[in-house]
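Chemist: So the chains spell out like this:
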Amino acid sequence: MAKNDLLGASLWDAYSNKVTTLMNNPHHQGEIFEADAEARGNKLIVADFGAESCGDAVRLYWEIDPKTDIIVNSKFKSFGCGTAIASSDVMTELCIGKTVDQAVKITNIDVEFALRDSPEIPAVPPQKMHCSVMAYDVIKKAAGLYKGVDASTFETEIIVCECARVSLGTLREVIRLNDLKTIEQITDYTKAGGFCKSCIKPGGHEAREYYLVDILADTRREMDEEKMKAAADAGATGDFENMTLVQQIKAVDAVVDENVRQFLVMDGGNMEVIDIKKGDEYIDIYIRYLGACNGCASSSTGTLYAIEATLKEKLSKRIRVLPI
Amino acid sequence: MKVYLDNNATTMVDPQVVEVMMPYFSEVYGNPNSLHKFGTAAHPALSTAINQIYTALNAHDNDDIVFTSCATESNNWVLKSVFTDLIVNGEKNHIVTTEVEHPSILSTCRFLEEEGVKVTYLPVNENGIVEAHTVKSFITEKTALVSIMWANNETGMIFPIKEIGEICKAKGVLFHSDGVQAVGKIPVDLQDVHVDFLSMSAHKFHGPKGVGALYIKNSQKLTPLLHGGSQMGGRRSGTLNVPFIVGMGKAIELATTNIEEKMADIRAKRDRLEDALLELSETLVVGSKDGRTPNTILISIRGVEGEGMLWDLNNGQIGASTGSACASEDLEANTVMLAIGADNELAHTGIRLSLSRFTTDAEIDYTITHFKDAVARLRAISSSFALQKPTKGGEVLECELHH
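Chains as they are written, first to last, in our numbering: chain A, 14 to 337; chain B, 1307 to 1709.
It should be emphasised that the hints constitute simulated quantities derived from the structure, not laboratory data. Treat the hints with care, since some could be wrong.
As the list claims (entries may be wrong) - In silico BS3-like pairs for lysine-lysine, Cα to Cα no more than 27 Å straight-line:
| no. | chain 1 | residue 1 | chain 2 | residue 2 |
| --- | --- | --- | --- | --- |
| 1 | B | Lys-1308 | A | Lys-31 |
| 2 | B | Lys-1695 | A | Lys-160 |
| 3 | A | Lys-56 | B | Lys-1695 |
| 4 | A | Lys-111 | A | Lys-31 |
| 5 | B | Lys-1695 | A | Lys-80 |
| 6 | B | Lys-1695 | A | Lys-111 |
| 7 | B | Lys-1695 | A | Lys-118 |
| 8 | B | Lys-1424 | B | Lys-1527 |
| 9 | A | Lys-291 | A | Lys-330 |
| 10 | A | Lys-56 | B | Lys-1698 |
| 11 | B | Lys-1386 | B | Lys-1523 |
| 12 | B | Lys-1424 | A | Lys-214 |
| 13 | B | Lys-1523 | B | Lys-1475 |
| 14 | A | Lys-160 | B | Lys-1698 |
| 15 | B | Lys-1424 | B | Lys-1448 |
| 16 | A | Lys-31 | B | Lys-1678 |
| 17 | A | Lys-80 | A | Lys-111 |
| 18 | A | Lys-80 | B | Lys-1698 |
| 19 | B | Lys-1595 | B | Lys-1308 |
| 20 | B | Lys-1698 | A | Lys-118 |
| 21 | B | Lys-1515 | A | Lys-16 |
| 22 | B | Lys-1475 | B | Lys-1448 |
| 23 | A | Lys-111 | B | Lys-1698 |
| 24 | B | Lys-1527 | B | Lys-1468 |
| 25 | B | Lys-1308 | B | Lys-1515 |
| 26 | B | Lys-1568 | B | Lys-1468 |
Looking at chain A on its own, in the form it has when it is part of the complex (with noise of 0.2 Å):
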């Protein structure tokens, strides 16, 4: 919440030109009839996705040239608002004279995009991402039904946020690489969570399979498990000298959290490692205080040799801490 957000947007007004255009005038609503289609010595294909009863729903037909497979014609009919019309509409024109295994590969994202008046601009506020989704999975049922295999087969990953397609796979990768402890954060990385917000917790727009905070809350779990464990390994083995410059960290990391920094703590302070050098003859460990240690006297003396000792014990006797 801030200044931008005291008013609710106006949602209309945050439509693009061409969804506007495409919601009063489709150009591709409309049917294609079987008799018709096998007239032209041509496969229809009709596919619907959501109900009435869901409160939005699309119909999508396809007209196939079974030579090629090329979809010669499209039409659509929606139960939907003025976005999911719009984008429905597009989709139809992106369809068109495409192959079904090019139109297989067209995704909500392509659809947002065909419906901006300039790049830059999304077509539609964050709230109506949503409603080209349903563009994205009538294409694949309908290629499904074409090919004879189940539309599920055409996604070769996890998708967690439909609305931005950002991906289980990525999701945990971005979470690790970047430390992010927070939904928001995740939204900052990868734009998941910022459109309908489904995908954050239970309980939204529409159920998913998977949702953001079990994601963050699993993934930090494995984190902190991994820390964990590379901390018993270094003391199993007592190989901390060998260790990847990453490894070495953690554990001098997990060697503080568990001896060391609960008395920072209590102390009003804290500190973190900041870098480790090896040189030959010691292994210099960088740190700096935080908090009330900052400063504080017995900082660069009982303090900084109960680190250096305890480090010393549990990693490598080559151990030097240089307070920073």
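Given the structure of chain A, go ahead and fit chain B onto it with the hints provided.
Modeler: Relative to the frame of chain A, chain B by itself:
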């Protein structure tokens, strides 16, 4: 032509109301609690406003009608102060309300649940109301408060407040009614009907936004929500909003003088609009004409999604509203519509049209034409009316997208 049919959301301020408010901005601007003439100069107008409101609601001189900033404040005040008085500092722990109350009741109840209060949310029956005997069966000796709206904002359905009031009185349980959609639309007689507390808001009856009131029967105990300089006899602190209170008084007087006549006039237009729209196939209006506030229609149109319909009406300069929009964070079917027996499909297509005494016959004619055109256009696009059946395996058997 521009047609405003969203009067259950808010109303135009009657120009006569604006006129009586005007002197109290820059001419008579003193604080009415001051001793000097700048302040006391506002007293006659405030007295007039108070008299107008007591008269309009037939309140007794022993009752309090305390001005607030809005009905949301009035509703919060009752719930939170009954919580303080009878639950925190008493033996009670239970509140009875309905599933279809305004968010200012429902959100406050959920907040109180987190504080440990037990809340019963009664469902509405197939007529869209909660019956008195249902309320009776849920009152226990631990019940501190029953809070039930006088009329529903979406359907206009009028609840049996007189019967519920008698039950609460007999059981010795406090009774609050959110009267926002009733005051100024239908007769509200507080000496005929027993309510302990009644919330109201000026902007629903052609008064200004930012002023409301809470009626407190027999000046009974209710700990203040706002503490401060002890204005309004200590019941609600904060400098009196003189021009808005003056405006509220005038607005309620204008709305309730000859109210039967005004109701008949609005209802004639409402019924004409409703009958014309029901000529469309596969439509449904919630509730009987007699059981509703005379200005409200909630109509479902098969195959026409609510927000899409609002869009087309807006293109025709008609302002209406919908209970279920594609954009809302939870896209659940309208609970009132499900309760009255609409199927899931119709429950996603509700359009609310709410008239006022300023709605004209010409506007009704215009709306009928434009509404029918919009339905024809959207049904022509709608998958619900498509003829070619899906390829085998391409059907959707039930709602698989949303919960």
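Chemist: Decide, hint by hint, whether the structure agrees.
Modeler: Results for each hint:
| no. | hint | verdict |
| --- | --- | --- |
| 1 | Lys-1308(B) <-> Lys-31(A) | holds (25 Å) |
| 2 | Lys-1695(B) <-> Lys-160(A) | holds (19 Å) |
| 3 | Lys-56(A) <-> Lys-1695(B) | holds (14 Å) |
| 4 | Lys-111(A) <-> Lys-31(A) | holds (22 Å) |
| 5 | Lys-1695(B) <-> Lys-80(A) | holds (24 Å) |
| 6 | Lys-1695(B) <-> Lys-111(A) | holds (24 Å) |
| 7 | Lys-1695(B) <-> Lys-118(A) | holds (25 Å) |
| 8 | Lys-1424(B) <-> Lys-1527(B) | holds (22 Å) |
| 9 | Lys-291(A) <-> Lys-330(A) | holds (13 Å) |
| 10 | Lys-56(A) <-> Lys-1698(B) | holds (13 Å) |
| 11 | Lys-1386(B) <-> Lys-1523(B) | holds (17 Å) |
| 12 | Lys-1424(B) <-> Lys-214(A) | holds (26 Å) |
| 13 | Lys-1523(B) <-> Lys-1475(B) | holds (12 Å) |
| 14 | Lys-160(A) <-> Lys-1698(B) | holds (13 Å) |
| 15 | Lys-1424(B) <-> Lys-1448(B) | holds (10 Å) |
| 16 | Lys-31(A) <-> Lys-1678(B) | holds (26 Å) |
| 17 | Lys-80(A) <-> Lys-111(A) | holds (13 Å) |
| 18 | Lys-80(A) <-> Lys-1698(B) | holds (22 Å) |
| 19 | Lys-1595(B) <-> Lys-1308(B) | holds (26 Å) |
| 20 | Lys-1698(B) <-> Lys-118(A) | holds (23 Å) |
| 21 | Lys-1515(B) <-> Lys-16(A) | holds (22 Å) |
| 22 | Lys-1475(B) <-> Lys-1448(B) | holds (15 Å) |
| 23 | Lys-111(A) <-> Lys-1698(B) | holds (23 Å) |
| 24 | Lys-1527(B) <-> Lys-1468(B) | holds (22 Å) |
| 25 | Lys-1308(B) <-> Lys-1515(B) | holds (22 Å) |
| 26 | Lys-1568(B) <-> Lys-1468(B) | holds (22 Å) |
The structure agrees with every numbered hint stated previously.
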